[in-house]
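Work the whole structure out from these sequences, hints included.
This note's numbering runs 263 ahead of the 1-based position in the sequence shown.
Don't read these hints as lab results, they were simulated from the structure.
Any given hint could be a false lead.
[Claimed, not checked] List time: in silico BS3-like cross-link candidates among lysine-lysine, alpha-carbon distance up to 30 Å:
#1 LYS372 to LYS445
#2 LYS350 to LYS402
#3 LYS432 to LYS402
#4 LYS445 to LYS310
#5 LYS372 to LYS402
#6 LYS445 to LYS427
#7 LYS292 to LYS372
#8 LYS445 to LYS432
#9 LYS391 to LYS292
#10 LYS445 to LYS422
#11 LYS402 to LYS427
#12 LYS310 to LYS292
#13 LYS354 to LYS391
#14 LYS372 to LYS422
#15 LYS432 to LYS401
#16 LYS372 to LYS350
#17 LYS354 to LYS401
#18 LYS391 to LYS401
#19 LYS350 to LYS401
#20 LYS350 to LYS432
#21 LYS391 to LYS372
#22 LYS401 to LYS372
#23 LYS427 to LYS372
#24 LYS391 to LYS402
#25 LYS401 to LYS292
#26 LYS427 to LYS310
#27 LYS310 to LYS391
#28 LYS427 to LYS401
#29 LYS422 to LYS354
#30 LYS432 to LYS422
#31 LYS445 to LYS354
#32 LYS432 to LYS391
[Stated by the list, open to error] Computed beta-carbon distance windows for the label pairs:
#33 HIS371 to GLY338: 29 to 35 Å
#34 SER429 to GLU315: 44 to 50 Å
#35 ALA448 to ASP355: 25 to 31 Å
#36 ASP393 to ILE308: 39 to 45 Å
Computed from a predicted structure; not experimentally measured.
Every residue, glycine too, gets a C-beta built ideally from N, C-alpha and C.
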Amino acid sequence: MGLVACFWLQSCAQSPEVATQSTDQLQGKLVLTGSSTVAPLASEIGKRFESENPGVRVDVQTGGSSRGIADARQGVADIGMVSRDLKQSEKDLQGFAIARDGIGIIVHKTNPVQSLSNQQIVDIYQGKIDNWQDVGGKKAPITVVNKAEGRSTLELFLKYFQLKNSEIKADVVIGDNEQGIKTVAGNPNGIG
Numbered sequence: 264m265g266l267v268a269c270f271w272l273q274s275c276a277q278s279p280e281v282a283t284q285s286t287d288q289l290q291g292k293l294v295l296t297g298s299s300t301v302a303p304l305a306s307e308i309g310k311r312f313e314s315e316n317p318g319v320r321v322d323v324q325t326g327g328s329s330r331g332i333a334d335a336r337q338g339v340a341d342i343g344m345v346s347r348d349l350k351q352s353e354k355d356l357q358g359f360a361i362a363r364d365g366i367g368i369i370v371h372k373t374n375p376v377q378s379l380s381n382q383q384i385v386d387i388y389q390g391k392i393d394n395w396q397d398v399g400g401k402k403a404p405i406t407v408v409n410k411a412e413g414r415s416t417l418e419l420f421l422k423y424f425q426l427k428n429s430e431i432k433a434d435v436v437i438g439d440n441e442q443g444i445k446t447v448a449g450n451p452n453g454i455g
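The structure is reproduced here in structure tokens:
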């Protein structure tokens with residue numbers, strides 16, 4: 264469906280929290296907050312960094328790209344994680360692209376529907392198609408799982424399908440990607 268650019272953010276005015284000693288051994292805590300899309304990669308990088316620098320603890324927290332931006336700006340986080348391009352109003356932060364990630368639509372593993380057209384997806388999310396039978400599936404109501412407003416994945420979804428959030432007829436609103444996967448995995452009629 265699309266690609267997401269994943270960024271590390273750092274405030275230009277931020278004071279360093281991780282101190283170095285004269286022996287060049289790092290010590291302290293490094294806090295990363297933001298995008299749940301970036302968090303799994305950041306956690307793996309953090310584990311490696313901790314193993315190479317035993318005096319440093321890396322704390323990765325999710326909460327969405329907006330949180331990552333706000334926390335980096337306010338000095339609450341050393342690094343903000345963002346899964347979208349920076350907006351013009353966010354250019355006071357330094358962004359470093361670290362990865363590209365795809366966005367996809369998921370259905371429950373038992374759902375016989377193997378593919379949907381872009382128009383079918385739009386119609387499902389707008390409530391115009393509300394039964395799986397209408398797209399080649401079993402006779403069952405569709406449960407639309409949507410991201411909470413302000414989430415970068417939702418912004419990219421809306422942009423790709425040229426939709427407004429007010430047009431979405433969601434049955435369940437979720438916060439992060441992991442919650443979305445668990446919700447669809449637990450609902451045979453779910454789409455997210």
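Status of the hints after comparison with the structure:
Our distance criterion of 30 Å between C-alpha atoms is met by LYS372 and LYS445, whose separation comes to about 12 Å. The suggested pairing of LYS350 with LYS402 is violated, with an alpha-carbon distance near 43 Å, which exceeds 30 Å. Between LYS432 and LYS402 the alpha-carbon distance is near 19 Å, which keeps this suggested pair within the 30 Å criterion. Distance hint between LYS445 and LYS310 is fulfilled; the C-alpha atoms sit about 25 Å from each other, no more than 30 Å.
Proposed proximity of LYS372 and LYS402 is supported: the alpha carbons are some 16 Å apart, at most 30 Å. Between the alpha carbons of LYS445 and LYS427 the distance comes to roughly 25 Å, so the proposed pair stays at or under 30 Å and holds. Annotation: proposed proximity of LYS292 to LYS372 is violated, straight-line Cα distance about 40 Å (limit 30 Å). For the given pair, LYS445 sits about 20 Å from LYS432 by alpha-carbon distance, which is consistent with the 30 Å threshold.
The hinted pair formed by LYS391 and LYS292 fails the criterion: a straight-line CA distance of about 50 Å is larger than 30 Å. The hinted pair formed by LYS445 and LYS422 meets the criterion: a straight-line CA distance of about 24 Å does not exceed 30 Å. Straight-line distance between C-alpha atoms of LYS402 and LYS427 comes to about 28 Å, which keeps the hinted pair within the 30 Å bound. In summary, the hint linking LYS310 to LYS292 is supported, as the alpha carbons are separated by about 13 Å, within the 30 Å threshold.
Proximity of LYS354 to LYS391 is assessed by CA-CA distance (about 39 Å); at most 30 Å being required, the pair is judged violated. Using a Cα cut-off of 30 Å, the hinted pair LYS372 and LYS422 holds, with the two alpha carbons roughly 27 Å apart. Restraint check for LYS432 and LYS401: the C-alpha separation of about 21 Å stays at or below 30 Å, so the hint holds. Between LYS372 and LYS350 the alpha-carbon distance is near 36 Å, which puts this suggested pair outside the 30 Å criterion.
At roughly 49 Å between alpha-carbon atoms, LYS354 and LYS401 are farther apart than 30 Å, so this suggested pair is violated. Using a Cα cut-off of 30 Å, the hinted pair LYS391 and LYS401 holds, with the two alpha carbons roughly 17 Å apart. Under the criterion of a C-alpha separation no larger than 30 Å, the hint pairing LYS350 with LYS401 is inconsistent with the structure, at around 42 Å. The suggested pairing of LYS350 with LYS432 holds, with an alpha-carbon distance near 27 Å, which does not exceed 30 Å.
About 23 Å separates the Cα atoms of LYS391 and LYS372, which keeps this hinted pair within 30 Å; it holds. For the given pair, LYS401 sits about 13 Å from LYS372 by alpha-carbon distance, which is consistent with the 30 Å threshold. About 28 Å separates the Cα atoms of LYS427 and LYS372, which keeps this hinted pair within 30 Å; it holds. This hinted pair checks out: LYS391 and LYS402 have alpha carbons roughly 16 Å apart, not beyond 30 Å.
Between LYS401 and LYS292 the alpha-carbon distance is near 51 Å, which puts this suggested pair outside the 30 Å criterion. At most 30 Å may separate the alpha-carbon atoms for a hinted pair to count; LYS427 and LYS310 exceed this at roughly 39 Å. Annotation: proposed proximity of LYS310 to LYS391 is violated, straight-line Cα distance about 46 Å (limit 30 Å). At roughly 29 Å between alpha-carbon atoms, LYS427 and LYS401 fall within 30 Å of each other, so this suggested pair holds.
Taking the CA atoms of LYS422 and LYS354, the gap is near 21 Å; set against the 30 Å cutoff, the hint holds. A distance of roughly 17 Å separates the Cα atoms of LYS432 and LYS422; the hinted pair therefore holds under the 30 Å criterion. A C-alpha spacing of about 35 Å is found between LYS445 and LYS354, which places the hinted pair above 30 Å, so the restraint is violated. Only pairs whose Cα atoms come within 30 Å are accepted, and LYS432 paired with LYS391 is accepted, the gap being roughly 9 Å.
At roughly 42 Å, the beta carbons of HIS371 and GLY338 sit outside the given window of 29 to 35 Å. At about 48 Å, the CB distance of SER429 to GLU315 agrees with the hint of 44 to 50 Å. A beta carbon spacing of about 39 Å between ALA448 and ASP355 contradicts the range 25 to 31 Å that was offered as a hint. Distance hint for ASP393 and ILE308: a CB-CB separation of about 42 Å, consistent with the stated range 39 to 45 Å.
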